[in-house]
Amino acid sequence: MAAVLVHIDLDGARPHASSLQALAAGRAVASSWGATLYAAVIVHDPGKRAGDTALPGVAAARLPGEARAIEAVRAALARGGADKIVVAKTEAPIAALWCAVGSAWQGVLDHLRPRLVVFGADAPSAVELGPRTGARIGARLFLRARAVAGDEVELRDRDGSYVRANDGGAAVVLIGAGPRLEGHGDDDIDVMVLTPPGGADPRVELGAAAAAEIVHTTGAIIAIGDTAAGDPEIVKAAERLAKVLGADIVGSAAAARAGAVAPGRVVERGAALAPELCIAVGGPAIDLAGAASLVRVGSGGGKGGDGALAGAIAPNLLELVRLLEGK
Amino acid sequence: MTARTPGLVVAVWLGAAAPVRSIRWLDGTLRAAAKLTGATAVAAGPQTWLDLAADRAARFGLASVSVPTDLALDYLGWAQVMAAVARRLDATTILVDEASRPERLAEVAALAELTDAAQITHVVALAGDAATLHASRAAGPTLQTVRIQGPAVIGLRIAGPPMDEYSTPTPSAVMGRFDLASLGLDPAVLGHRALPPRANPQVRRTVERVAEHLAAYAAPRKPGKAGQAGPAGKLARSAKDAKDAKDAKDS
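Keeping their order, the protein sequence lines are chains A and B.
Residues 0 to 326 in numbering that gives the first Met the number 0 are what the first sequence spells out, letter by letter.
Residues 0 to 250 in numbering that gives the first Met the number 0 are what the second sequence spells out, letter by letter.
There could be a bad hint or two in this list.
[Stated by the list, open to error] Partial chain B-side listing against chain A, Cβ under 7 Å, derived:
#1 Ala16
#2 Arg20
#3 Trp24
#4 Tyr74
#5 Glu112
#6 Pro140
#7 Ser171
#8 Val173
#9 Val206
#10 His212
Rather than coming from a laboratory, the hints here were simulated on the basis of the structure.
What you are looking at is a predicted structure, and each value in this text was computed from that prediction instead of being measured.
Virtual Cβ for every residue (Gly too), placed ideally from N, Cα, C.
With the hints as constraints, model all of the structure from the sequences given.
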């Protein structure tokens, strides 16, 4: 039976919300295709390596760490629809980098040889592990995809490319955030523990971390122009849209003085940003050319945009909120 | 020719197509590479793009080489091309302009896989001394500092100076050329990584179509209780029901 593998990032002691959405998409696909759905989580285990087990590299189903936290993760993944849970232990401290967890993840890939690997697009590890996984198994790669129902469930990305049951070859898919999940699945599921060889990549040494400036954001932003920032209706609508998208609102110092932008979200005129998604509201004086996806609201278009809504700004923003909340 | 940074042989992968909206990020990558002396810029694809790449590289004092081809490949296909060039240049460090086109990010990982190098994405600042690179990397709300020794592929998102317009480049006389055969690559084999032809995407101009596009970026919602299913839950449940019914019928 084919394997569908979902990578699970942890957010503290719980599965990351984006990983759970990937799990929901994986559940839909696995059920439709008749595949087994594996949820894999990588955990730090500084203790003795589990090379003393009956099966090489496979230990008994006992998870390291604090028992109640582990049980909470297991229960969440079971409710999320996983058929089996794989825990890969690594001596390396966990970081959302291939150089930290790549060898452990490779152990999971080698063990399961999945046909489809799914990540939550907003999960911390997705950007480093997703494409590298695709390259390692020679897979097609799909960014920001979602499950679409038909005769069989398929995964379709923002460009219209898709993964279907009868496709040849492997695929790696980053699932864009989707709708609410349903409690689902059997609570009594198998847990497999792997202890792959290798630890962190010694060529990379992680140093200190500090708070990033807003110009370095890689997520979603709403960039608001000065005129739009002076309109309370637009600001309120932009805030609602920002909440739905999990986006930061950025703008000039003038927009901050108008109360539309928080002090730490001020971007100097002409500064360049490269977020994954930018919604430009009312012509902000910010260089947004580095955005992977750009939507303009309140202007007719421009070079290389994905969407442009002309006309009154606030009603368009509120309609977007209404439509997105209903999806 | 400028002297190389000791221990580092740097190649800069500029990709197989011109930037989507601005050459500012291309310039930023080239400027960062120029600080690591002896770097070579590499581009592949159609001639107009190669001319632009050579012109921008020359402005920062970088040598450049090209791989002219009409192929339209996926991330792994272009990574095979660049990895072959990197081998010819004996490059130990490959910098990638990650922000000019969305597909470039995946090429960082594919190049690292093919060259068995360390992989670092989302780098916003880079400096080198002797055989060590020091990078600052955007990781969500934090900025990580990273030290890298040995072979590495590094995705850069460093902007150059603001630029509204630039002069149309003329064909470069100094840009080196590799054809696929000289790199040991077979176009027929590379063709297995070809992308299907697509019409140019149209700008979405209705609120429904824009919402459809944005739906893939919506913030994850918290799990609901059983029986409070949204569309994803319903999708999973109906798919599972269909599977159960099929299994029952088969048995």
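Evaluated hints:
The interface hint given for B:Ala16 is broken, as the beta carbon of that residue sits about 12 Å from the closest beta carbon of chain A, more than 7 Å. Checking B:Arg20 against chain A: minimum C-beta separation of about 4 Å stays under 7 Å; hint holds. Taken as an interface hint, B:Trp24 checks out: its beta carbon lies about 5 Å from the nearest beta carbon of chain A, inside 7 Å. Taking 7 Å as the C-beta cut-off, the interface hint given for B:Tyr74 holds, the closest approach to chain A being about 6 Å.
Nearest Cβ of chain A to the Cβ of B:Glu112: about 4 Å, under the 7 Å cut. The hint holds. Residue-level restraint check for B:Pro140 holds (minimum Cβ-Cβ distance to chain A is 6 Å; threshold 7 Å). Look at B:Ser171: its Cβ only gets to about 24 Å from chain A, farther than 7 Å, so that hint breaks. Below 7 Å, beta-carbon pairs count as interface contacts, and B:Val173 has none with chain A, the closest being about 28 Å; its hint is therefore violated.
Taking 7 Å as the C-beta contact cut-off toward chain A, the hint placing B:Val206 at the interface holds, the least distance being around 5 Å. Residue-level restraint check for B:His212 holds (minimum Cβ-Cβ distance to chain A is 6 Å; threshold 7 Å).
Hint check: violations occur at hints 1, 7, 8; the rest are consistent with the structure.
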